[in-house]
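Protein chains: 2
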Amino acid sequence: MSADNSYIPPKVWQWNTSNGGNWASINRPISGPTHDNALPKGKHPFQLHSLATPNGVKVTIMLEELLALGFDEAEYDAFLIDISKGEQFASGFVDINPNSKIPALLDQSNEQPIRLFESGSILLHLAEKFNALIPKGEKRAECMSWLFWQMGSAPYLGGGFGHFYAYAPEKIEYCIDRFSMEVKRQLDVLDKHLANNEYICGDEYSIADVAIWPWYGALVLNRLYDAAEFLDAGSYKNLIRWANQLDQRPAIKRGVMVNKTWGDLSTQLHERHDASDFLKRTQDKLELEN
Amino acid sequence: MSADNSYIPPKVWQWNTSNGGNWASINRPISGPTHDNALPKGKHPFQLHSLATPNGVKVTIMLEELLALGFDEAEYDAFLIDISKGEQFASGFVDINPNSKIPALLDQSNEQPIRLFESGSILLHLAEKFNALIPKGEKRAECMSWLFWQMGSAPYLGGGFGHFYAYAPEKIEYCIDRFSMEVKRQLDVLDKHLANNEYICGDEYSIADVAIWPWYGALVLNRLYDAAEFLDAGSYKNLIRWANQLDQRPAIKRGVMVNKTWGDLSTQLHERHDASDFLKRTQDKLELEN
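Protein chains in written order, with the working numbering: chain U, 1 to 290; chain Y, 1 to 290.
I should point out that these hints are in silico values taken from the structure, not numbers from a laboratory. It is possible that part of the hints are untrue.
Heads up, the list lumps identical chains together, so a pair's fine if it works in one copy or across two of them.
To be verified - DSS-like mimics (lysine-lysine), calculated; alpha carbons at most 27 Å apart, straight line: (1) Lys129 - Lys139; (2) Lys85 - Lys192; (3) Lys41 - Lys85; (4) Lys11 - Lys237; (5) Lys280 - Lys237; (6) Lys43 - Lys139.
All chains should be built: construct the whole structure from the sequences, respecting the hints.
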């Protein structure tokens, strides 16, 4: 840890725009729109404005799972929000999510369109609307506890560990230690739980799995922050079993591609408006590979 | 910010128990019980095991609000979990919450008792069980978005800002800056929203208010981290209006006392088993003052 003990916070915090690492340009101490811009609108019941971060793919996985179950009313248009360009500060986006974070969803299947923000809220809305991927009766409470667990825990993984391990302009030992310890504790919570449960809520795949996999599954499969070795992910054997099992689900394979703008070109589907968009990507992929 | 750029993380993180600030003794990279100990059990439908932190008082406020609405079936026993003594690692507590965090609730009003963890899950369970403090119809989605917003945002206030501003063994400028900026953004989100809404979900007091007030209300009323001046809380006038309005609610006045073991003695009610416990405290208070 740094031996520099000289910093004394001022009486009142001041915004210093010169510092903040890779994401400094999009972090602000104020909310609200920075510019006027309406959102595009498609014809499907659900209008998603998002990016393929872990919080974003929760929703595309969910919609793909619902479509795979035969719910045609879950059809959606997925539009891209490029957060590196500040598109989450456009007035149209802020109208749906005053918090300016992806994902944001407009449910226009109702007479009066419903705005939804926060991935957990979107998952719950969709599960209740289609009465799917959410246990009934007494198991519902267990599912909700794990869904909220994910929402309250992942900030320590993303905004804590991920930031200080991968993005911060300087490696600060105290911070990396603090958040590594917490993330390993969370991984151990899941690992012990999955020793006796096929899925997060027992024998039933649910929105708790859909919420947790994009963060903790991706982490142990080494798709997040390149940190699997650092966190000794291989030691969480039950978690890895579950992560691999879900990784084989076709809906998850599709969901992780939507609104993705990085990595191998064949894994990117910047916008999604129809199920055939994935087939086109498969063709693209074949063409790219040949 | 420190000029020490020399730290290079190891290939695999190692547990160093010698560092970590005020809460170092209860932070661990592993989960599960550290000792066998059954939880005490009272006679009421709800058995709460908690502490009067912001997450803890969400639940006691909720239960007091339900009782104030006339739901006698919301009667509860509140037992103390002293996290500084590691009581959250007792086997009985871990059986209810494998994540070892307060609050944890056992609903024994059902034939088969239901375990509940995560304050947001507990609020939702109680709201649905009593069909109270949760809007119906299309407003339900808005309420849920704000409830999940609180769960995903407050880690930046508690585990981020609060830790680095108040608890960490060293003041690290980069971290205080990072989390101050985010917390001020969150305060501004709430302030702008409350400019046009009496409560979080419009004209209806709901679990979204119950979830948000103990964190963001307490912060601007300078009851959290002594940080109101530092964050210029006075500038968030709509948020302060709302925070003061809720502060007058009798259920909130009672809820914040339950499982409280610090501050003025007259504000502490270590355990709560009956509505008359508050009256006894009022007598104690009078006696203390006279």
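Here is what the structure says about each hint:
1. Lys129 - Lys139: Answer is both: 18 Å inside a copy and 14 Å across each meet the 27 Å cutoff.
2. Lys85 - Lys192: between (41 Å within a copy, 24 Å between copies)
3. Lys41 - Lys85: within (20 Å within a copy, 55 Å between copies)
4. Lys11 - Lys237: Between copies only: 20 Å across chains, 49 Å inside a chain, cut-off 27 Å.
5. Lys280 - Lys237: neither (36 Å within a copy, 52 Å between copies)
6. Lys43 - Lys139: between (36 Å within a copy, 24 Å between copies)
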